[in-house]
Amino acid sequence: MSQRTERISEEFQKALAECIRTLKDPRVRDLMISVTRCEVTGDLRYAKAYISVFGSEQQKKDAMRGLKSASGYLRREVAAKIRLRYAPEIVLIEDDSIGHGAHINQLLNDLEREGKL
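Its first residue numbered 1, the sequence shown is counted upward by one per residue in my numbering.
One thing to keep in mind: the hints can contain errors.
Think about it this way: if two alpha-carbon atoms lie no more than 25 Å apart in a straight line, the pair counts; the simulated PhoX-like pairs of lysine-lysine are [unchecked claim]:
#1 K48 / K116
#2 K48 / K61
#3 K60 / K48
#4 K116 / K61
#5 K81 / K24
#6 K81 / K48
#7 K24 / K61
#8 K116 / K81
#9 K48 / K68
#10 K48 / K14
#11 K116 / K14
#12 K68 / K14
#13 K48 / K24
#14 K116 / K68
#15 K14 / K24
#16 K68 / K81
Rather than coming from a laboratory, the hints here were simulated on the basis of the structure. Note that the coordinates shown come from a computational prediction; the quantities given were computed from them, not determined experimentally.
Based on the provided sequences and hints, a complete structural model is requested.
Structure follows, in structure tokens:
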């Protein structure tokens, strides 16, 4: 990835996170949602956004549906924020890394309390 593409990916990630916080969709509004990573293609046509949702499995599914339904709005808003002529199509990918990390942390804390660590 070129430096320009990396810079745009970072800016895209920050702008997307800001725009997600402004959504009024009830499936998205009250959840902790993080954009863990973005990868913009070299031709700026597509942006893969890795999304982590902290909540139950049903809340995660609902949040991803809500984000996908708002993808057109998000695409326009992000492109305007980072001043791109062409707005990349956003491909949303669920990323469970934050939930997985929290689970591992909880297991380690449990082991420590039990004196096994």
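Structure versus earlier hints - violations, ascending order: 1, 4, 8, 11 and 14
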